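J.: Please construct the entire structure, taking both the sequences and the accompanying hints into account.
Protein chains: 2
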Amino acid sequence: MAIQTMNAVVFRGPFNISVERKAKPQIKQQTDAIVRVKSAGICGSELHMYRGHQKTGTGHIMGHEFVGTVEQVGGKVIDFQPGDSVVAIFSPVCMKCWYCVRGLTNRCVEGTAFGTQQLDGGQAEFVRVPFADGTLQRVPPELDDRLLIMMCDIFPTGYYGASRAIEGLCNQLESPLTSKSKLLFDQTIVVLGCGPVGICAIATILSKGVRRIYAVDSVEDRLKEAEQLGATSLKLGQDDIEETIMAVTDGRGADAVVEVVGNQDALRSAFNLLRPCGILSSVGFHQSELPFTGLDCYLKNITVNFGRVPVRTVFNDALECLKQNEAKLKTYVSHELDLKDASEGFAMFAQHKARKVILRV
Amino acid sequence: MAIQTMNAVVFRGPFNISVERKAKPQIKQQTDAIVRVKSAGICGSELHMYRGHQKTGTGHIMGHEFVGTVEQVGGKVIDFQPGDSVVAIFSPVCMKCWYCVRGLTNRCVEGTAFGTQQLDGGQAEFVRVPFADGTLQRVPPELDDRLLIMMCDIFPTGYYGASRAIEGLCNQLESPLTSKSKLLFDQTIVVLGCGPVGICAIATILSKGVRRIYAVDSVEDRLKEAEQLGATSLKLGQDDIEETIMAVTDGRGADAVVEVVGNQDALRSAFNLLRPCGILSSVGFHQSELPFTGLDCYLKNITVNFGRVPVRTVFNDALECLKQNEAKLKTYVSHELDLKDASEGFAMFAQHKARKVILRV
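As you go down the protein sequences, you meet chains A and B in turn.
With the UniProt record's numbering, letter number 355 in the first sequence gets 355, and the count goes up by one each step, no holes.
With the UniProt record's numbering, letter number 122 in the second sequence gets 122, and the count goes up by one each step, no holes.
Since the hints were made in silico from the structure, they are not lab data.
Please note: incorrect hints may appear among the correct ones.
Here are the computed lysine-lysine pairs in the DSBU-like style, where the Cα-Cα straight-line distance is at most 35 Å [stated by the list, open to error]:
(1) B:Lys96 with A:Lys208
(2) B:Lys208 with A:Lys96
(3) B:Lys22 with A:Lys208
(4) A:Lys55 with A:Lys208
(5) A:Lys55 with A:Lys24
(6) A:Lys224 with A:Lys328
All values derive from a computational prediction rather than experimental measurement.
T.: Here's what the structure looks like:
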């Protein structure tokens, strides 16, 4: 029997994305499923690889955001069958290891990510999905693909960054003198970075009842989007961010900062903007020294959260939150291209010419 | 009228503590109270000053741990009257500022500490207590002075370090597959530093239902005390701490580490001992660079809490916890001296010859 082939978006090196014929994936483990892809997103985190900042081999299929239909399942897949409409999360989860059982699915011992040397991604006609019962999620039929794509990574990531900040504030706002919801209403939260994840964080914070949100970025279009959601925008290099935040908080600083940028300047800025006992929720990918000392942290009494979202664990709550923001976010995807135009899609996204790109298969 | 005088423990410079006649304090503000001191503790944090590591002027009265009886109150004190048995918290709290109203009493804008250049302390016959309605707490008559003294600072501080760790774990242990209390029962927590605060942290952790507690220190007597409470002791410089913790957690690391030491080595050790997504609750006073990078934190997905306890806010919960541990902790005070022997008390405490010293007035 001849090997079946398919179109797929292949990484050939920095700034070199090509659409090629690749072998159609096969079931390897009894817990695998094969999914026929309908739409696949290009995610900001793929740009690290695209720009050559993240060293990696070549030849793998890109993409960790995809929705589609189950084509085939292995013998041990229980929850899905061919024909089911599904959305995948960016990293397979076994749901059996020490971490998964405790909800720490971001640390699954089997964890790898789609669209890497370890695992071909979803920017293709078909994709093999390991641990299908954990990795795939049934999709609510009423939700548009353009919103669903956000559920693979960016919405849960923004949701997680925002939730950790709000959870931290809720834990600390213990007062016999006034109610917790009143206190939360009065909080001031800054979101540093208004790319897709930042926008999702802003939507979450608003849904949780916080009203004073400041959105910081240098890209005009992103700030407009943040404003439309209900945040007050502050432009890097133009507005005096620290002065503004201090002024609106009577000199205290923000109650929490959600940092989604992933560099030292952003992290230092987050620290400076915080009030004493504030919460710094960082979902940015940091690779440098921390730009604050032990004394800084002690004197400011801060809580700092770092790292990656357990998508599987927060999926349902994040989905509810996304639905609440459906009207505001449904136009968020700015470009829908055919899979064969993936190279153009990566280029325009990397140049900030597209807010969010989806590839139609 | 002649000025009334009293005996008081005065800081005269590093390693120089003298008991002198000082003027009896007077009401200065209508919210003040004057307390006749019955017992005053010597706290580990006073040793920074005693040893000369913390630069300060001289001539002030030492002590931020004291219990006694209200002698006199200002016209605006509502909750207390002469004759009331009281215990003070180490730092006055106004209960009116933005922070106090929200339970963040550790950041009271009026905040200062007893036993400093700003405010004479309680190692004396009498002490002036600012914001008496917030700073003083009514004492349960059944509790021994030796335990009550722990409520001024060390027990709430240990309680806070432990509670933040446990709160963090509770927040993250979201699993549909097993119950939260079962998960908490199974956690492994390491306490780095088993001085008075560490011992209080261990007592709290046990009261919260965690069973696997490892207590790390280099002082034999401290480790014995930790063992008696129910922790497993590990001796610095003798046991291989990291190897032990990894072995008992199947190579994952501890779920949380409570660090009460306050130096870089302890903080780095805390980081190394943590599992991915672990909680690092630091109540140590840190003055150096942080001994881990942004990449370390991101890759380990950790949460780090720093800083000082809001004693007033946690007071009642901590008191309940102390009562639960009354039997185990009632012998914790190793030395009771007369106020006039304060100099000897400081010396033996600084040389680790006393576990906890109380001065009787």
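J.: Regarding the pair Lys55 (chain A) and Lys208 (chain A), is the alpha-carbon distance no greater than 35 Å?
T.: Not OK: Lys55 (chain A) and Lys208 (chain A) at ~38 Å, beyond 35 Å, violated.
J.: For the pair supplied as a hint, Lys55 (chain A) and Lys24 (chain A), is the alpha-carbon distance within the 35 Å limit?
T.: Given that 35 Å is the threshold and the Cα spacing comes to 26 Å, the pair holds.
J.: What's the verdict on Lys224 (chain A) and Lys328 (chain A), does the C-alpha distance respect the 35 Å limit or exceed it?
T.: Holds, at roughly 12 Å.
J.: Between Lys208 (chain B) and Lys96 (chain A), is the straight-line Cα distance small enough, at 35 Å or below?
T.: holds (27 Å)
J.: What's the verdict on Lys96 (chain B) and Lys208 (chain A), does the C-alpha distance respect the 35 Å limit or exceed it?
T.: With a Cα-Cα distance of about 27 Å, the restraint between Lys96 (chain B) and Lys208 (chain A) holds, given a limit of 35 Å.
J.: For Lys22 (chain B) and Lys208 (chain A), compute the direct alpha-carbon distance and say whether it is at most 35 Å.
T.: violated (56 Å)
Checked against the numbered hints given earlier, this structure breaks hints 3, 4; the rest are met.
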